[in-house]
Amino acid sequence: MAFVTALVAGALFGLGLVVSRMVDPQRVLGFLDVAGHWNPSLAFTMGGAVLVAAPAFLYVRRRGVDLTGAAVALPDRFRIDRALIGGSALFGIGWGLSGICPGPGLVLLTGGSPRAVVFVAALIAGSLLQGWVASRGSATGWLGRLRHDAPPRA
Amino acid sequence: MTSDYWRALCGGLLIGAGAAALLLLNGRIAGISGILGNAVRGRAGGQGWRVAFLLGLVLPAAVFGLGSIGFAQGLPGLAVSGLLVGFGTRLGSGCTSGHGVCGLANLSPRSLAATATFMAVAGLTVFFVRHSGFAWLS
Chain A
0 MAFVTALVAG ALFGLGLVVS RMVDPQRVLG FLDVAGHWNP SLAFTMGGAV LVAAPAFLYV
60 RRRGVDLTGA AVALPDRFRI DRALIGGSAL FGIGWGLSGI CPGPGLVLLT GGSPRAVVFV
120 AALIAGSLLQ GWVASRGSAT GWLGRLRHDA PPRA
Chain B
0 MTSDYWRALC GGLLIGAGAA ALLLLNGRIA GISGILGNAV RGRAGGQGWR VAFLLGLVLP
60 AAVFGLGSIG FAQGLPGLAV SGLLVGFGTR LGSGCTSGHG VCGLANLSPR SLAATATFMA
120 VAGLTVFFVR HSGFAWLS
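Going down the list, the sequences are from chains A and B. Quick note on numbering that gives the first Met the number 0: the first sequence kicks off at 0 and runs consecutively. Quick note on numbering that gives the first Met the number 0: the second sequence kicks off at 0 and runs consecutively.
Calculated directly from the structure, the hints in this document are not laboratory data. Take the hints with a grain of salt, since some may be wrong.
Derived CB-CB ranges, DEER-like [unchecked claim]:
{"id": "1", "chain 1": "B", "residue 1": "G69", "chain 2": "A", "residue 2": "A120", "range": "41 to 51 Å"}
{"id": "2", "chain 1": "B", "residue 1": "L111", "chain 2": "A", "residue 2": "P39", "range": "16 to 26 Å"}
{"id": "3", "chain 1": "B", "residue 1": "G73", "chain 2": "A", "residue 2": "L66", "range": "39 to 49 Å"}
{"id": "4", "chain 1": "B", "residue 1": "Y4", "chain 2": "A", "residue 2": "L57", "range": "20 to 30 Å"}
{"id": "5", "chain 1": "A", "residue 1": "A69", "chain 2": "B", "residue 2": "G69", "range": "34 to 44 Å"}
{"id": "6", "chain 1": "B", "residue 1": "G47", "chain 2": "A", "residue 2": "G111", "range": "23 to 33 Å"}
{"id": "7", "chain 1": "B", "residue 1": "G41", "chain 2": "A", "residue 2": "A70", "range": "36 to 46 Å"}
{"id": "8", "chain 1": "B", "residue 1": "Q46", "chain 2": "A", "residue 2": "P39", "range": "13 to 23 Å"}
{"id": "9", "chain 1": "B", "residue 1": "W5", "chain 2": "A", "residue 2": "L128", "range": "14 to 24 Å"}
{"id": "10", "chain 1": "B", "residue 1": "W5", "chain 2": "A", "residue 2": "D75", "range": "35 to 45 Å"}
{"id": "11", "chain 1": "B", "residue 1": "Q46", "chain 2": "A", "residue 2": "G68", "range": "16 to 26 Å"}
{"id": "12", "chain 1": "B", "residue 1": "G69", "chain 2": "A", "residue 2": "D75", "range": "35 to 45 Å"}
{"id": "13", "chain 1": "B", "residue 1": "L111", "chain 2": "A", "residue 2": "V33", "range": "32 to 42 Å"}
{"id": "14", "chain 1": "A", "residue 1": "L127", "chain 2": "B", "residue 2": "W5", "range": "20 to 30 Å"}
Covered stretches of chain B (chain A as the covering partner; in silico rule of three or more C-beta atoms under 8 Å from a C-beta of chain A) [unchecked claim]:
{"id": "15", "segment": "16–23"}
{"id": "16", "segment": "27–39"}
{"id": "17", "segment": "117–123"}
The model shown is predicted, which means the values in this text are computed figures rather than measured ones. C-beta: ideal position from N, C-alpha, C; glycine also.
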């Protein structure tokens, strides 16, 4: 059952990426290019998505369970640390270069372009590299500060 | 131009519906960088839903096609971009979906900080690439 519901949820999400044209890197770059021929339409995509998802989060946060009655632990909402900001900044550079974030990157694979394959291969490599770096870092060295579970510095 | 906005809004509503469905029916957050990262790392326990979600994600485009798309970079640029996106989203614990959609829907100050950061840095990156001396990057 979990398999079926996740498949349907993924399909809704993926359909939204195609319909909104988030899968078109040029469209995304047009949205990010505030100083050029700015196309703000994707702001409606983000706004619409947040609007629909918010009641679901409110429900689960209030009750602590999902509709099947299983307990759900939502992530910490408050700790803003160096890893969060540094990681988001690195992501922003990568996203600004290509106009592709992880979801659209995977969807672009269906077009069969070698460019999509290279992007997703690098995406997975970067993801694994972060896990490797985090596992090697001591709690006090500079690598340790790249762990998102690292304690805040005294 | 008006149809652009309708498509953008309708697509957003669908994305939100997908995120809401995964939360309400699976008790999981639709953060694609995290789902992908944990799927390829082979985290024990409950891998099935991750694979199912990712299969569902690509299904509509596989059936209906992608529509008109254009890549902005060649292979080397896409490799650099992919590495940065992969590393950065895992370090920052989320991407456009996890922080930008789910985190904001969860009224999380942490996700608001992350989203503001990656949107601002992505905007600056586009500015440098398109409108400054770094135009050779495009």
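Here's how the hints hold up against the structure:
1. G69(B) - A120(A): 41 to 51 Å: Once the Cβ atoms are compared, 20 Å apart, the range 41 to 51 Å for A120(A) and G69(B) is violated.
2. L111(B) - P39(A): 16 to 26 Å: Once the Cβ atoms are compared, 19 Å apart, the range 16 to 26 Å for P39(A) and L111(B) holds.
3. G73(B) - L66(A): 39 to 49 Å: holds (46 Å)
4. Y4(B) - L57(A): 20 to 30 Å: holds (27 Å)
5. A69(A) - G69(B): 34 to 44 Å: holds (43 Å)
6. G47(B) - G111(A): 23 to 33 Å: Hint holds: Cβ distance 27 Å, inside 23 to 33 Å.
7. G41(B) - A70(A): 36 to 46 Å: violated (24 Å)
8. Q46(B) - P39(A): 13 to 23 Å: violated (39 Å)
9. W5(B) - L128(A): 14 to 24 Å: violated (40 Å)
10. W5(B) - D75(A): 35 to 45 Å: holds (37 Å)
11. Q46(B) - G68(A): 16 to 26 Å: holds (22 Å)
12. G69(B) - D75(A): 35 to 45 Å: The hinted range 35 to 45 Å holds for G69(B) and D75(A), with Cβ atoms some 39 Å apart.
13. L111(B) - V33(A): 32 to 42 Å: With a Cβ separation near 19 Å, L111(B) and V33(A) fall outside 32 to 42 Å, so the hint is violated.
14. L127(A) - W5(B): 20 to 30 Å: Given about 39 Å between the Cβ atoms, the range is violated.
15. 16–23: Answer holds; 8 residues pass the 8 Å Cβ test.
16. 27–39: Since three or more residues must qualify, the claim that chain A covers the segment 27–39 of chain B holds, with 8 doing so at under 8 Å.
17. 117–123: holds (count 7)
The structure does not agree with the numbered hints 1, 7, 8, 9, 13 and 14 stated previously, though it agrees with the rest.
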